[in-house]
Amino acid sequence: MRGLILALGFLTRLPLPEVRDFQPAELARALVWFPAAGLVVGAAVALAAALGAALDPWLGALAGVVMWAWITSGLHLDGLADTADALGAAHRDPARFLAVLADPHVGSFGVIALVLQLAAKLVLLHWLLLLELPWLVLVLIPAWARWSAAGWALLLPPLKPGLGERLARHGKRAGWIAGGLALTAISAASPLAFAALIPALLWGIWMRLKLGGQTGDILGAGIEWCESGALLLVGVFFAVIIL
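Positions 1 to 243 (UniProt numbering) are the ones given, in order, by the sequence shown.
Accuracy of the hints is not assured; some may be wrong.
Mimicking DSS-like on lysine-lysine, the simulated pairs with C-alpha atoms at most 27 Å apart in a straight line are [what the hints assert, rightly or not]:
| id | residue 1 | residue 2 |
| --- | --- | --- |
| 1 | 172 | 210 |
| 2 | 172 | 160 |
| 3 | 160 | 210 |
| 4 | 210 | 121 |
Keep in mind that the hints were calculated from the coordinates and are not lab data. All figures in this text were calculated on a predicted structure; none of them were measured in a lab.
Build the full structure now, drawing on both the sequences and the hints.
Below is the structure:
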């Protein structure tokens with residue numbers, strides 16, 4: 001259970017038992033539990049959205065987005081903002097990109113990215129609530145996004161020392177594969193959740209071709225991209241194929 005506690009402690013703000021004698025490499029070995037942490041996030045978002053939607057779909061969407069930001073402490077939103085700032089300021093200069101990525105301040109590109117991302121999740125959640133999408137799909141989307149982030153860390157070279165480098169060096173592919181198999185078994189009950197793999201694949205290709213690798217911030221940005229992209233694709237597939 002130590003690995004699960006570490007994964008939940010890193011990816012959520014839930015109150016958890018203290019992990020004694022923690023070593024940074026342990027977090028990488030806890031990659032196998034990233035999908036489980038994603039399921040917890042998804043369950044919290046789905047519950048908040050369901051409670052709010054009992055009064056009004058827009059209220060349900062707002063409750064879901066607020067829960068999404070709260071339970072993750074805005075961790076991945078921060079990565080999205082940093083990545084947007086770095087891309088906007090880099091002008092095809094890799095050294096400049098990494099320098100801006102390391103800057104803790106949020107610039108105009110980051111603010112724009114945050115506003116657009118939160119607005120996208122709000123509107124897409126509202127749409128899915130109107131479509132009466134199976135709740136399990138919403139639970140699974142954050143899980144697939146975090147499984148994908150673990151895969152990017154393991155399969156792509158790190159661009160600099162830091163979280164992405166530690167995940168790449170100490171993470172175990174066998175654990176990542178096991179997590180994927182477990183998610184696949186769960187997703188068989190709601191196959192629309194597999195739509196989350198499409199934006200995940202696209203983000204991985206983009207990182208490899210555009211940036212040449214990954215960092216912790218870029219992984220976080222990818223999680224946000226996967227979640228909003230999955231919400232959009234799931235809604236499209238559900239509306240076109242099922243309805």
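Here's how the hints hold up against the structure:
The straight-line distance between the Cα atoms of residue 172 and residue 210 is roughly 26 Å, inside the 27 Å bound, and the hint therefore holds. Between the alpha carbons of residue 172 and residue 160 the distance comes to roughly 20 Å, so the proposed pair stays at or under 27 Å and holds. Straight-line distance between C-alpha atoms of residue 160 and residue 210 comes to about 16 Å, which keeps the hinted pair within the 27 Å bound. For the proposed pair residue 210 and residue 121, the alpha carbon gap of about 25 Å is at most 27 Å, so the pair holds.
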